[in-house]
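Q: Chain by chain, the residues:
Number of protein chains: 2
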Amino acid sequence: MKIPVVENILSANERLAEENARTLAREGVTAVNIMASPGAGKTSLIVQTIGALSERVRIGVIEGDVASRVDADTIEALGIPVVQINTGGTCHLDANMVHGALGELPLDQLDLLFIENVGNLICPTEFALGEALKVMIASVPEGDDKPYKYPGMFAAVDAIVVNKIDILPYVEFDLAGFRQLVTGLNTEVQVFEVSCKSGEGIAAWADWLMAVTADKDS
Amino acid sequence: MKIPVVENILSANERLAEENARTLAREGVTAVNIMASPGAGKTSLIVQTIGALSERVRIGVIEGDVASRVDADTIEALGIPVVQINTGGTCHLDANMVHGALGELPLDQLDLLFIENVGNLICPTEFALGEALKVMIASVPEGDDKPYKYPGMFAAVDAIVVNKIDILPYVEFDLAGFRQLVTGLNTEVQVFEVSCKSGEGIAAWADWLMAVTADKDS
Numbered sequence: 028m029k030i031p032v033v034e035n036i037l038s039a040n041e042r043l044a045e046e047n048a049r050t051l052a053r054e055g056v057t058a059v060n061i062m063a064s065p066g067a068g069k070t071s072l073i074v075q076t077i078g079a080l081s082e083r084v085r086i087g088v089i090e091g092d093v094a095s096r097v098d099a100d101t102i103e104a105l106g107i108p109v110v111q112i113n114t115g116g117t118c119h120l121d122a123n124m125v126h127g128a129l130g131e132l133p134l135d136q137l138d139l140l141f142i143e144n145v146g147n148l149i150c151p152t153e154f155a156l157g158e159a160l161k162v163m164i165a166s167v168p169e170g171d172d173k174p175y176k177y178p179g180m181f182a183a184v185d186a187i188v189v190n191k192i193d194i195l196p197y198v199e200f201d202l203a204g205f206r207q208l209v210t211g212l213n214t215e216v217q218v219f220e221v222s223c224k225s226g227e228g229i230a231a232w233a234d235w236l237m238a239v240t241a242d243k244d245s
Numbered sequence: 028m029k030i031p032v033v034e035n036i037l038s039a040n041e042r043l044a045e046e047n048a049r050t051l052a053r054e055g056v057t058a059v060n061i062m063a064s065p066g067a068g069k070t071s072l073i074v075q076t077i078g079a080l081s082e083r084v085r086i087g088v089i090e091g092d093v094a095s096r097v098d099a100d101t102i103e104a105l106g107i108p109v110v111q112i113n114t115g116g117t118c119h120l121d122a123n124m125v126h127g128a129l130g131e132l133p134l135d136q137l138d139l140l141f142i143e144n145v146g147n148l149i150c151p152t153e154f155a156l157g158e159a160l161k162v163m164i165a166s167v168p169e170g171d172d173k174p175y176k177y178p179g180m181f182a183a184v185d186a187i188v189v190n191k192i193d194i195l196p197y198v199e200f201d202l203a204g205f206r207q208l209v210t211g212l213n214t215e216v217q218v219f220e221v222s223c224k225s226g227e228g229i230a231a232w233a234d235w236l237m238a239v240t241a242d243k244d245s
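First to last, the sequence lines map onto chains H and Y. Per our numbering, the first sequence starts with residue 28, numbered consecutively. Per our numbering, the second sequence starts with residue 28, numbered consecutively.
If we strip away everything but chain H, and leave its shape as in the complex, we get (with noise of 0.2 angstroms):
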């Protein structure tokens, strides 16, 4: 369906995602949008990289769902500065919300701030948050074929980290195959391939972020 509105909305959340980009540089913090599938495992890529980087760099976090505060429960106890935004019925994160959200946090005190994203693999690419980077978390149970059916996701993204590879042994996913796909849709992206369970990968993925955000803040 489409909404004559929608191109207006857009270029306003475009408009103030700069003003958030802007404020983010002036207090040096680099945030990552963090897009997935429902269940993917957004949060405990976050908490996992929390305890890989923490000691290194001060950490903030942006929680977005539906409805709950589950995943900012989660964070809080972890000593980390965290925001919950609640949606609604929406099905995304927009710069309004996060603008909202970047008031409540101690920015002056943060270098790296994690915003999580609602769970959906369609709209949250066509809203800009202000982030420097965008990653999507894509999830070995979920099926390789994803990269056909969202292609927008894929291609829209700065790295993929796959998660729960602990898992490949018990369903059907073709990494190499999974690889290929990605890479056709997007030559740059990096791929990390991480278990949040057991901790494997992470500490790539993390010495990544690292020395990507040391690039932004030269």
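No lab work stands behind these hints, which were simulated from the structure alone. None of the hints are false.
Pairs involving identical chains hold if they fit within one copy or between any two copies, as the list cannot separate such chains.
Mimicking SDA-like on lysine to any residue, the simulated pairs with C-alpha atoms at most 20 angstroms apart in a straight line are:
no., residue 1, residue 2
1, Lys224, Asp172
2, Lys224, Pro196
3, Lys224, Val198
4, Lys224, Ala104
5, Lys224, Leu195
6, Lys224, Leu105
7, Lys224, Asp193
8, Lys224, Ser71
9, Lys224, Ile192
10, Lys224, Tyr197
11, Lys224, Gly170
12, Lys224, Ile194
13, Lys224, Leu80
14, Lys224, Ala79
Dock chain Y against chain H, hints included.
A: What follows is chain Y alone, placed relative to chain H:
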């Protein structure tokens, strides 16, 4: 974000959905709207159910995806009438898309019509299609906390199919706790536990579907 035209769009959709429902009733077809996250097993459940029921009823399928026709190809290979809808960027099917697809199906030769919605736990519940039944698939590796985050979906459906129970030994998923959470949101809902990989539980789900379909016909 609130868009003022949304209410008008929803009521236009409602009218078209009622028209679809009348068409389906006239032709004696029971339509089942299958909703789930990406990769939860919508197509796999349809394939398994076709295997269980195709000698008892005449089945057709409408496949909804943002892009590709890989799922339609899977269904077509079974000799089942199928129409693929590609939504472009839209994150749900609507009654107008289904209206078009109904015109391409031999409705007078069908008893049961599966409508596989776009992989998304949020917006599909807001757009009636003219279906007799709403079913969602909850996939075990997504975790047991999804009812907290997507309460609208869990509250809206007639049945929840918990898929990938073969993976239960390898992930944390509290089935009893999940059932309790779900019935708190939806006292009438039927919950089935299945593995589309092994076929476990499919017979009970298929029998229920036949019983409900017979009920709707009488």
